[in-house]
Amino acid sequence: MGHDHSLNPETMPHNPEKATLEGKNKFLGLWFFLGGETVLFASLFGTYLALKNSTAGGPTSEELFGLELVFLMTMLLLTSSLTSVYAMYHMKNNNFKKMQLWLGITGLLGLVFLGCEIYEFYHYIHGEHFTFRSSAFGSAFYTLVGFHGGHVLFGLLWLSALMIRNAKRGLNLYNAPKFNTFSLYWHFIDVVWVFIFTVVYLMGKVA
Amino acid sequence: MSIATTQNKSFTAALWDYLTTVDHKKIGKLYIYAGGFFFLLGGLEALIIRIQLIQPENNFISAGLYNEMITMHGTTMIFLAAMPLLLGLMNAVMPLQIGARDVAFPFVNSLGFWLFLFGGIMLNVSWLTGAPDAGWTAYSPLSTQSPGHGVDYYVLGLQISGAGTLMGGINFLVTIVNMRAPGMTYMRMPLFTWTTFVVSVLILFAFPALTVGLFLLMFDRMFDAAFFDVTLGGNGIIWQHLFWIFGHPEVYILILPAFGVFSEIFATFSKKRLFGYTAMVFATILIAFLGFMVWAHHMFTVGMGPVANSIFAVATMAIAVPTGIKIFNWLLTLWGGSITINSAMLWSLAFIPSFTIGGMTGVMLATSVADYQYHDSYFVVAHFHYVIVGGVVFGILAGLHYWWPLIFRRVLNEKLGKLAFWTFFIGFHLTFFIQHFLGLMGMPRRYWVFLDEQGLDTGNLISTIGAFFMAFGVIVFLINAFYSWFKEEPSPQDPWGGRTLEWAVKSPTPYYNFKQLPLVRGLDPLWIEKTEGNGKMTPAEPVGDIHMPNGSIIPFIMSLGFFIAGFGFIYHNDTNLAYILLFGGMAIALGSMLARSLKDDLGYHISKEELEREAD
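Top to bottom, those sequences are chains V and X.
For the first sequence, UniProt numbering gives the first residue as 1, with consecutive numbering after it.
For the second sequence, UniProt numbering gives the first residue as 1, with consecutive numbering after it.
Calculated from the structure, these hints are not laboratory results.
The model shown is predicted, which means the values in this text are computed figures rather than measured ones.
Among the hints, erroneous ones may be present.
As the list claims (entries may be wrong) - Beyond 10 Å from chain X on every Cβ pair, some chain V residues (computed):
#1 E10
#2 G29
#3 Y89
#4 G115
#5 I118
#6 E120
#7 E128
#8 F137
#9 V145
#10 H148
#11 H151
#12 R165
#13 F188
Said to hold, decoys possible - In silico SDA-like links for lysine to any residue, alpha-carbon gap of 20 Å or less:
#14 K599/X to T198/V
#15 K178/V to G603/X
#16 K272/X to K599/X
In this text, a Cβ means the ideal position worked out from N, Cα and C, and glycines have one as well.
Chain X with its partners taken away, still in its complex shape:
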C-alpha cells in the first residue's frame, strides 16, 4: 500500500479504511470529527438554555425539557466534546512529537475511539424516549428516582465511553514510556507530550471511581440495590464522593492538555524556547497531584464539618501556586520574543486573562465559608465556564489552528480565523462575565425560569446575546474548515517554523510516520537542527524494514456489541425481549474479545526496498 493508492479510493473503500484503521493519525481525525459533532450538539443545547432564559418567566421549553437540556449540555460538552477533541489532538500529534511510528497498542487505540463513539450515540439516543434530567452530576436521589429511562441512558452511555477513555489513557502512557525516539529523554519531551502523559495518569486513576459510581447507580436503578436508598441504610453522599473523586481530576484532564497546547504555541510564535521548561513540567505534575486532593470542595455545603472543609479549602487554594507559575512562564516566554500574531496565537493570548479570571473566582469558591453563599448559584456557572471555555475550548481552537496543517494539510484562512476569534471571544465574555453578578445577586443555577423585577432581566438578556455571538464564531470556524479544504492550496510541511518533531515529517505524513527514526539532540529537536545543523533531523538508524500493525474491524464490532447490550440492560425490566439484546450484545462483545485473543495478529512489514522507492 503506497501513498498514491491510498488517495484514490472509492467511498466504500475509504469508509472501510476508517472503520478498520489502527493508524493514530486517522483515529485522531475520527476523534476530531466526532468530538466536533458533539460540540455542535452541546452548543445547540446551550443556545436553547439561553433562549429559555432570555426573559423572565419565559416558556420557550417546558421545565422537564429544560432539565434534560442542562443535563445533556453538561454531559455532552465534558465527555463527548472536550475530551474527545483533546484525545484527537493527542492522537494526531503526540506520537509524532516523540518520534514514534504509532502508539503502543494501535488496536486498543481504535477500540477506545469506537467505545467512545458508541457511548456518545447511546447517550443521545435517549432524546427519543426522554433524556437524562438529573444534571450532569446525577446526584442521588434525583438520579435514583428520575422516572423513565433517561438516567439509565446516562449510566450506560458514560460507562461505555468511559471505558474507551481509560484505554486511551493506558495506551498513551505505555507509548510515552516505551516508544520515544533515541535521545528523546523525559526532560526533552515537548510540553504537549508531557501534559498528555500526566493527563493519562489522571485518566487512569480517576475514571475507575466513575466506573464504580456508575455501577452502583445502575444496580440501584435496574437491580433494586440499596446503595443510595436511605430506607434500607443507603447513603447518597457516597455517590457525591465517588463522582467528584473522578470529577475533579476530570477538570485537570481537560485543562492540562490545553496548557500543553499553549506552551507549544507561545514558544513557536515567540521564536523562543519555552521559558522555565523544567518548572512547567513540575508545575504540571504538581497540579495533577493536588488535583486528586481537592474533590470535596464541590461538597462544602454537604455538612462534612469545619475540619474537612478547611483541609479541602487550603488544598484547593494551593493549586493556584503551580498554575500561577505556568501563567508567569507563558508571559516570560512572550517577553522579548519575536512575536507573530495569528489566529492560533490570538486564542492563546486571550486564554491568559480569561483563564486567570476563572482561576481567581476558583480561589473565591475555595473559601469554604464564603462558598455557602456561592454554592449552586450562577457564580459557579460563570466560574467553570471561564475555566472550561476560556481554558479548554480556547486551547482546543488554538491547537486546531496550530496543527490543522499537520492533520488536514491546510493552513486555515486568517481572515475567517480572526473573525471567528473576535466574535467568539467577545461573545464568551458577554455571556459569562455578567453571570458572576447574577449569581452574587442570588440567581440559582439550573432553574427553569426567573421572576421579573428582581434585577435579573438585563443580565440574562446580555448573557443570551453573548451566546449568539459565540454561536456565530463557531459557524465561521466551520466555514473556515470547509473553505480551506476546498479553496486553499495544500500547506507546506512546516508552515510555522516549528520547533518540535511533528514538523520534521514530510507532508502529508506517511502512514509509517518516520522512514528512519530521528536522533534527538535536545529540547526542541527540530529547532536545534535548524540553528545548529542542516535543518533536517539526523537519522538514528539505517533505512530498514518497518513493522506495521494490521487494520481490524474487531474494535468496531466489539463496541457495537456493548452498545447493543446497553439497550438490553436499560429495557430488561420492561420486557423479556430485552434479554435478547443483553445476551446477544454481550455475546458479540465477548466473542470479539475471544476472536482477538485466538487469532494471531502479527502485522506486516514495509520492505526496505519499498521505502527506498518513495521520495523523501
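So here's chain V without its partners, still in its complex pose:
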C-alpha cells in the first residue's frame, strides 16, 4: 500500500488525512485511544464525585469556586475547538497557510486557558489555603482538573512540534493525518472540559 502514491501528489485528494493506509490507521487508532481516555476520565470523575464532600473541615466547593473565571475558560476552550475545525477545513482545501494560521489561534487560546487555570490554582493555594493535601476533596479536585490541564499542556506541545516541523514544507499525505489526529485529540480535551465545568464547577456551586 501507499508505495505508488507520491506523498506529494499534484492535486491533493479531498480527504488527505485518510488517503493512505497509514493515515487511516492513525485516524482509527486515535479514536480507539480516545475511547480509553474516556474511561480514564470517567474513573477520575467517579473518584471526584465520591470525595467532593470530604472536605475534612477545609474549604468546600461552594466557598471556593467563582464561576466568572471558569466561564471565561470554557469559552476560550470551546472557541479553540471551533478554530481547530477551521484549520481542518483549510487542510482539506489544501490551504496550508490558513491551516497554520487557525492552528496558531487554537494554540494561543489553549495557552490562555492554561494560564487561567494556573492562576486559578495559584489563587486557591495561596489565597484560600486549599491544596492537594488539605483534604480528600482537594486531592480529587486537583487530580481531575490537573489531569485535564496536563492533557492541554501535552496538546500544546504536540501542536507546536507539528507546526514548527512542517512550517517550511507545507502539507502532504504524510503529515496531514498528523494534523488531523491532533485536532481530534483537541476536541476530546474540550469535551472533557465541558464535563468538568458541569460536574465540578456548576454542581459544586449548587450542591
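Following the hints, put chain X in place on chain V, whose structure we already have.
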C-alpha cells in the same frame, strides 16, 4: 535484506536486530521469551509458598517474606507471565491469520513490548530492597501504609507495563479493522483473531481504570494526597472499585484468547470446521460485555447492601450461559470428527473438565450470601487457579505446542510433550482440588502458617506435592523446547493439516509474510483451497513492491527513559539526587517522543524484482 543474510549474523548484529525490530513475528518471540522467563520466576515463588505451607507452623521463610512472595507471585503471573505470553501468541499469529503483512503500528508494537519488559524488570528490582507485600490486589490501607518502597515499585512497574499493554490493544484493534486481506470479512475471521479483537476492546476499556487507581495510590504514597486517608475524608473502597473495574475484565482478557486457541486446535485436530462458529463469536462478545458488569462480586463482603450484591450476583451467574455455549460447541466440534490426539490436543481436552470445575465454583462464589463463607478462604484460591491454570495456562501451552512450528520452525517432541502434560495435569489437580476443601474447612488465604490438629495438615501436604509435579512438568516442557531446537529437523510449512491462513505462508515465514495478499473465499480459507481448490491460496493482487516499516531503537530508549524516571519517583522523598533520575528519565522519554515525531519515518520498499528472485 534477503532471507539468507538475516540468518548469518554475528551475535551483536542479532541483538541489535531484536532491540530495533518492528516485525510482529520477532516481537511475538520476544514476548514469549520474556513472558516465559517471568512464568518461571512466578512458578519459583509459588514453590516457595507451597514449601512454607508443607507442614503446620513451618518457618521456611519469614512472615514478611511470605507476604512479598504471595504478592509477587500473583502480580508476576497475571501481568508479566500470562498476559505477555498471550500477547506473544497474538503477535505471532493474528496478522498471519487475517492475511496482513504486519500490524497497523509496528513502531508502537515494539514500544508496547519494551514498556512491558522494563515495567516487569522494575517490579522485580524491588527484591533487592524489599518487594511489595500488600497482595496483588494492593488494597488500601495495607498498600498505603506498607513501609519501605515495595508498593512503590508495584505502582510504577505496573504503570509502565500497563501502558505497554494498552498500546498493544489499540494496535490489534486497528490492525483487525483496517488490514484484513481481501475477502476476509468479520464473520470469516478465525476464532483466535476474534478473541484477540474482543480482548483488545477489553484492554482498551479496562486498563485506564487501573491507570487511575495506580495514580491515586502513587499520589497518596509519594505526594501525601488523601484519596485513601480516612482522617482527611478519603475512602479506601474507591481503590477496590477501580481495581476490580479493571481486574474483572482482566480475567476475561486472560481467558478469551485461550478460548480462541482451543477453538483453533479442536477444529484442526478433529478435521471439522468449528461447530457453531457464529454462536462462538457472539458468546465471546457477550462474555466480554458481561465481564464489565460484574466487578463488585469481588466485594460482596464490603457492605454494599443486599440490592447491589444481588444485581452483581445475578450478572455474574449470567456469564455461565455464554461460557456453557462455548463448552458445548467444543464438545460438538469433537463429535464425529476424525480426531488426532497429540500434546496440543491433550492440553485442550484437559482444559474442558478442569475449566468447567472452575466455572462451577465460580457460580458458587457468585451466590453472594454463600460468599460470606467462602470469602478470602482457600476455596477462592482453588477457584481462580482452576480457571487461570486450567484455562489460561493450559491454553498457552496448547497454543505453544500448536504454533511452535510456525514460530520456531520445530514440531515439539511428542514423548516429552506427553510427559510434561501428564505430570503437570496430575500435579495441577493434586495441588488445587484439595484446596477447595481446605477453604471450606476454614483455612484463610494469604496466611503465613496454619496450626496443626485442625485437619489441615494432610491437605496442605498433598497440595505441596502437587506443586512439585507441576514444576517437573514445566521443566520437561523447557527441555522439550531446547531439545527440539537442537535435535529436531525444521518442520514443514503446514505440519497439522491447518485450516487457517497462518499455515499458508511458507516456512520460515518471510519477513513480509505474504508475497501476494491472499484472496479469502470463506471461513477456514486454507481448508477451502485444500478441498475445493489446488491447496494454495489464490493471490488477490499481482506481485508488486511491498512497503515495509523501518526498524527503530527509539521504543527501547523511550521505555528506558520511563524506567529511569520510575526510580526517580520512587526515591524522590529520600534523596534529592533522585530528581536527577526523575527529570533525566522523563527528558529521555519525552525527547524520544519528540524525535519520533520530528523525524520522518517513511519505511522502505521491497522491489518487485527482488520478490520475484526469491523462490516460492
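Each hint tested on the structure:
no.: 1; hint: E10; result: holds, 19 Å
no.: 2; hint: G29; result: violated, 5 Å
no.: 3; hint: Y89; result: holds, 24 Å
no.: 4; hint: G115; result: holds, 22 Å
no.: 5; hint: I118; result: holds, 18 Å
no.: 6; hint: E120; result: holds, 19 Å
no.: 7; hint: E128; result: holds, 17 Å
no.: 8; hint: F137; result: violated, 6 Å
no.: 9; hint: V145; result: holds, 14 Å
no.: 10; hint: H148; result: holds, 13 Å
no.: 11; hint: H151; result: holds, 13 Å
no.: 12; hint: R165; result: violated, 5 Å
no.: 13; hint: F188; result: holds, 13 Å
no.: 14; hint: K599/X to T198/V; result: violated, 41 Å
no.: 15; hint: K178/V to G603/X; result: holds, 17 Å
no.: 16; hint: K272/X to K599/X; result: violated, 50 Å
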